[in-house]
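When you get a sec, could you build the whole thing from the sequences and use the hints?
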Amino acid sequence: MKRLINQQPTRVWGIALSLLPFVILLVLYVTASDARLAENPHDKLLPSFSQMGEAMQRLAFEPSKRTGEYLFWQDTLSSLQRLGLGMAIAAGLGMLLGLSTGAFPVAYSGVAPLLTVASLIPPMAILPILFIVFGLGEVSKVALIAIGVTPFVARDIQKRCLEIPREQLVKAQTLGANSGQIVLRVLIPQLMPRLIDSLRLSLGSAWLFLIAAEAIASTDGLGYRVFLVRRYLSMDVILPYVAWIALLAFVIDFVLRKLSLWAFPWQESRS
Amino acid sequence: MIEIRNVWKRYGDNVILENISATVAEGEFITLVGASGCGKSTFLRMLLGTDVPNQGEILLDGKTIADEPDAERGVVFQQYSVFPHMTVLENVIIARAFEKTRLGFLWGKRKRAAREEAMAMLETVGLSHMAARYPDELSGGMRQRLAIAQALILKPRILLLDEPFGALDPGIRADMHALVLSLWRQHKLTVFMVTHDLAEGFHLGTRLWVFDKLRLDPQAPNRFGAGITYDLPVGQCEPELLQEIDSGLSSSGQELV
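Residue numbers (this note's numbering), protein chains in the order written: chain A, 6 to 276; chain B, 19 to 275.
Hints listed in this document are in silico derivations from the structure and should not be mistaken for laboratory results.
None of these values were measured; they are calculated from a predicted model.
Please note that a few of the clues may not be correct.
Claimed, not checked - Subject to a maximum C-alpha distance of 35 angstroms in a straight line, what follows is the list of computed DSBU-like cross-link-like pairs (lysine-lysine): (1) K173(B) x K263(A); (2) K49(A) x K70(A); (3) K164(A) x K129(B).
Here is the structure:
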């Protein structure tokens, strides 16, 4: 018998083991839900899958009686817009700050301390400021995501930039490159995959900021809906929404990873 | 061409190099050997412009050598010399792109011209069949060939090699020696090569510099720096001398440790 640390599951076993916890959770849920519904058919806490299906049918495929919108899709669209815009701003600003501080010692001295301090401020604590300054509209939600994610991305890019071997920079200079050419042809191309990695890592907190902002002041969005229907104990809406958010997060992460490998094929041989 | 006048280098209280003076003519191939930590790489960095002497000066054609790297001085390091995100061909073309365009991107006719030139250069170093690969797909020896091709495309006057073959197998190393010697003759370069392999120094080039401490204070080993203890024309000295230098180096190396 090999030591436990050396035992590798076979392919089939590996897949089976990774599915097992999901199956267990599903079975547990269905049993518990059935038991509760058998006692009280109006129980709201653990709705059956058919109840969730009905609720989602109503939200996704029937226009809302009040606004005429398909709420589920409207929520999804609004949330993804905020998230996308916030992440895009964070990516741009983060790259700019990280690259300039990583590449130019002068910028490092000037900006890096501020960046360190800024990254220590919990973004949720400044949400009230954003609401006061930008109002309760879209801007403050996008701003929260951007402000929350930018310092992380900037510091990550800065660190990666400083990790690029100095030999490469010296080599570029011996080939006659000036600072701008080095940034454009040596640094940015090597930092782009890092930027995507960095965005993938910060997606979790971006979702957190989005849902928090939507919960507090919004009229649509996935986070808004979840917090709205909480008042009616509508677990038949909340649970599918949470699953949907998880699925969206997974898809975004997957797409970013594939995009990175497709756009920067030189990474593949590095690992 | 190059004149080194009373150069001193210190890091804090540690004297690395003391009072080095030498004159180098165009077209010489100088090999720098010495125990590790003796300052030969520091000396190379000063020639490259990434480090400056504390005292004294290095003159190139009578003027103080530039204190940042430029296209006149090509370099090959032991590793990380090539750009991992560019193919082999792009790694060579990039030099022309830096030279000819403001932002470093070549297009159309100029790109085709640079591509042809780069392919010819890759042919010389024996890498033309790998042109479309990325550096990480190459063996260590191939990567160093690429670094050499890249360094030579702009035809620098001086080529600086910092232990370029230190990480290579002996067989491949011999191939690389032949390559460097032929390129040196073909391009009429002035070459400085740092190596810790004394035999390499005796085999290659026209002149051998041995870096070692001239005096030693056992209580303060860093009190005195290294100088050039031997400045030998290669090919005109006896194997016994090689033996003597080799044993001398290893003994002072141990005292330093």
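Going through the earlier hints one by one, which of them does the structure break, listed in rising order? 1
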